[in-house]
Amino acid sequence: MADTAAPPAPTPAIRLRDIVKSFGPVQANRGAELEVARGEIHALVGENGAGKSTLMRVLAGMYAPNAGTMEVEGRDVTGWTTSDAIAAGVGMVHQHFMLVPTLTVAENVMLGSELTRGPVLDRAAAEQAVADLSRRTGLVVPPRALVRELSVGQAQRVEILKTLYRGAKILVLDEPTAVLSPPEVQELWTVLRALRDQGGTIVLITHKLDEVIDVSETITVMRAGRTVARMTTAGTTPQAIARAMVGRDVALALDAEYTGVSPAQELGAVQALLEVRNLDVVGVGGVPVVRQASFSIAPGEILGIAGVEGNGQTELVEAIAGLRAATGTIALGGRDLGPLDVRRRGDAGLSHIPEDRHERALVLDYTVAENLILGQQHRFTQGAALDQARILEHARGLISRYDIRPPEPAIAARTLSGGNQQKIVVAREMSRDFKVLLAAQPTRGVDVGAIEFIHARLREARDQGKAVLLVSADLAEVLALSDRVAVMYGGRIVAMLPRSEATPDALGPYMTGAERAA
Amino acid sequence: MSTTDPTMVQVGGDTPTPAATSASSDRSSRRAAIEEAVLPPLVALLLAVVVGDILIITFGQSPGAVYRLLLEGTWGNAYGFGQVLYKATTLVFTGLAVGLGLRAGLFNIGAESQLAAGGFCAALVGLLLPAGIPALLCLPIYLLAAAIGGGAVGAVPGVLKARFGAHEVIVTIMLNFIVLALLNYLTSAKLHVPDTLHTAEIKSGALPRVSDVAAAFQGSAANATILLAVLAAFVFGWFLFRTRRGFELRAVGLQPHAAEYAGVHVGSVTWRALAMSGAIAGIGGLNYVLGYKHYYEEGFATGAGFLGIAVALVGRSHPIGICLAALLFATLSQGGLAVNALVPKQMVDVLQAVVILAVATSVPEVRRLLRGARRSGAPGSTAR
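Chains as they are written, first to last, in my numbering: chain Y, 1 to 518; chain V, 519 to 902.
Next comes chain Y alone, as it looks inside the complex (with noise of 0.2 Å):
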């Protein structure tokens, strides 16, 4: 490849060699490189699945390597545990927080390598250092503050000051900004500068490529296992990764031109599909987390939610869907979908990508088939008993349609990757007949290659004339398909904009709440 680097200077603080791991027949990693020069900021980027994580916990002495050498600055480590790598320096920040709910801060932080005065804990000498490492790096976090009342943003901080207050050197962070909002992932990318330049070094696991362009310096690009591709930042483009990523040419989300006049507009005043008006929510401590919010949407409109995590619209998109009491009216073609359940408004022609995969959309440990029929059971049945017949020929159908792999539907839906879970989901959700659908997070923690899949059928289902509601926290992604933009903040509706209104900077201000209109 014509962009690769010229190799770094001499002793690289990390550098990976030919490394081989297999669990069971899987090969996660099949001769997978990376070489990382001392104080730099190394992104490490591939498709889910690519073995990434797995190359990085080799690094961090979880598991062993079947085969292949590991060095850390010079020293042959290959097959240390990971009290060696903590002792040498080397730090991982997992994706999944491993943190103590209910201690503090400084008690998180200290965790392992108490710090004691006689048998008593030291607390006062643990949130001090806290407050210090605070300080030299730029992580504020209150030390005496519970973990389980700290946003996740706040969370992974803890967790990046625990790994420092063991010593790392060598941090690795693994896809660290998968729940974090676009000003905590700044506040972040300053703190990794910060670490960079007081000599530390960074491997940073993620797919996504602004972030890539963003931060790092250089690249390694992995795919299926092995590492297919090294370069410098500077030196390439976003369509080059992607490419490098997938194998092929794919259109980005980020540089999707919204395109035209959304057929809403073009027929003009039409009955809304879903029409919700003055709906209420009330969270856990009667706490109110959707007020008042109103809104319609028209046959062939999408409209998209923009706006901050955590203001409303998980509970929005739930009580529309039936998960959630609500007061105010949500009707569907001019039918009140008040008393409806779940079921009884799923019939009603309502489909729902829900945001968390892993815990409500898919049952883990139920095959692809039965996945493939997940709300639509009383649909496949013979009686009392379940068509099984049917049921596989419908997943064998969507299988090869949604090109899910592996193409086999009596596997358990666990054993795939999360951009094919969210295949089963978004095939289980288009190919009921609906007319209105949510899609909440639709490509969260899904590859380009499934984004790009993804975002095509959403808008085919917009050209066939169905209403569908988008929520995301990906701004680019509300853009690239939204013919309106909304924005909540708080639990309200903030501001709703035409799509040709809606740029970055006109909704930045709605989302951190300093302007309001509606």
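Source of the hints: derived by calculation from the structure; they are not laboratory data. As the structure is a computational prediction, the values presented were derived from the model and not from experiment. The C-beta atom is built at its ideal place from N, Cα and C for all residues, glycine as well. Among the hints, erroneous ones may be present.
Restraint-style ranges between C-beta atoms, simulated for each label pair [claimed, not checked]:
#1 Thr237(Y) with Val561(V): 52 to 62 Å
#2 Val282(Y) with Val561(V): 43 to 53 Å
#3 Asp341(Y) with Ala684(V): 21 to 31 Å
#4 Ser400(Y) with Ser786(V): 34 to 44 Å
If we take Cβ atoms under 10 Å as the criterion, some of the chain Y residues that face chain V in the derived model are [said to hold, decoys possible]:
#5 Leu323
#6 Asp341
#7 Arg344
#8 Asp356
#9 His358
#10 Arg360
#11 Leu364
#12 Tyr366
#13 Ile373
#14 Leu374
#15 Gln388
We have chain Y; now place chain V onto it with these hints.
Using the frame of chain Y, we list chain V on its own:
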């Protein structure tokens, strides 16, 4: 550094699916599932044998002799085998009862009192039925009575859980005390035959013993309820794995949020599952009332309800597993009587305990219940 890879993922293409590959991986994943299901009980059994050896040696006996005696007294002669079958029959019912709850994510500790209530109701109906009705005609009535008796006891914790979120473990445990005390009161104050702790005998509907067709089983309590137990296991498997309601029940047990999303009313599945669980346990009471003594007696199957928990766990809440586990525990408990001459029969209780502990620590149902308990204990956990 390659740019194209022939095996790369092609998204959105309408490539035909290679159906040929699915059969082989299907088979290997099924084999893995069977290994996962069968290995823990086998290892547990082996562990129990080792512990048993040590105990036997400390009693100054030879393990070989004791185990030989144990097998001879159970599977080695018709009477012993009949007793094993009799005990296993009750355990199949209580095991299926607990297993159904586990499949729905519920831990029914109440099979003990549900079994007693089922037997009591059947006996009550039996006292009202006139003499001389053929067994086959009264059987449905008895089944209904036993199912209603056990089912009512099971429905109480179910409704309390669905309606108020009361934990089924606590309610079923407490209900055991209440129901057993109530049944004892009713029996000893109102219904007992003087100088005994049991009711009068029912006049019709007694089920034939195995010894009626095979004289070698003379004296053993094994009876036609065995057939009911096998039938119950079949229906259990069909319901769970073939019907829509079973599909929904298992979804609730695995992922309640996903079940809710799929249009399942989690609350009603919860109370129905516990009511069904109780009904199955209740039908188990027929083994004694219709098949053995033909009356209700206080404590007619003490411990069989609790042992049902072990049977369900060792049997992995699978109908075949439950039948095998019921035979195992029935063998151990009957074998205890056989080896009593050489070692205290409590040794067998220790063996049972070892099997239960070893299996309980390895079965996913228990791990899931523990995980669920931890999760609900720490709301707002950041571990996502």
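May I ask you to test the interface hint for Gln388(Y) with respect to chain V, counting a Cβ-Cβ separation under 10 Å as satisfied?
Interface hint status for Gln388(Y): holds (8 Å vs cutoff 10 Å).
**Message:** Restraint: Asp341(Y) near chain V, CB-CB cut 10 Å. Satisfied or not?
**Reply:** Asp341(Y) check passes; min Cβ-Cβ to chain V is 7 Å, inside 10 Å.
>> Using the nearest Cβ pair, does Arg344(Y) come within less than 10 Å of chain V?
In response: This interface hint holds because 8 Å falls under the 10 Å limit.
**Item:** Consistency of beta-carbon spacing, Val561(V) to Thr237(Y), with hint 52 to 62 Å
**Value:** holds (56 Å)
- request: May I ask you to test the hint 43 to 53 Å on the CB atoms belonging to Val282(Y) and Val561(V)?
  value: Holds: the Cβ-Cβ distance is about 50 Å, inside 43 to 53 Å.
>> Given a hint of 21 to 31 Å, does the C-beta separation of Asp341(Y) and Ala684(V) actually sit inside it?
In response: holds (24 Å)
Worksheet entry | Given hint Leu364(Y) near chain V, where the shortest CB pair must fall under 10 Å | The hint holds - Leu364(Y) has a Cβ within 10 Å of chain V, the shortest such distance being about 7 Å.
Using the nearest Cβ pair, does Leu323(Y) come within less than 10 Å of chain V?
holds (6 Å)
Checklist line | Proposed interface contact between Ile373(Y) and chain V, which counts if any beta carbon pair is under 10 Å | finding: holds (9 Å)
Closer than 10 Å between Cβ atoms is the bar; does Arg360(Y) clear it against chain V? Give me holds or violated.
Since the shortest Cβ distance to chain V is 5 Å, the answer is holds.
Chain V contact restraint for Tyr366(Y) - C-beta distance below 10 Å
holds (7 Å)
Q) Against chain V, is Asp356(Y) within 10 Å by beta-carbon distance? A) holds (7 Å)
Violated hints: none; the structure is consistent with every hint.
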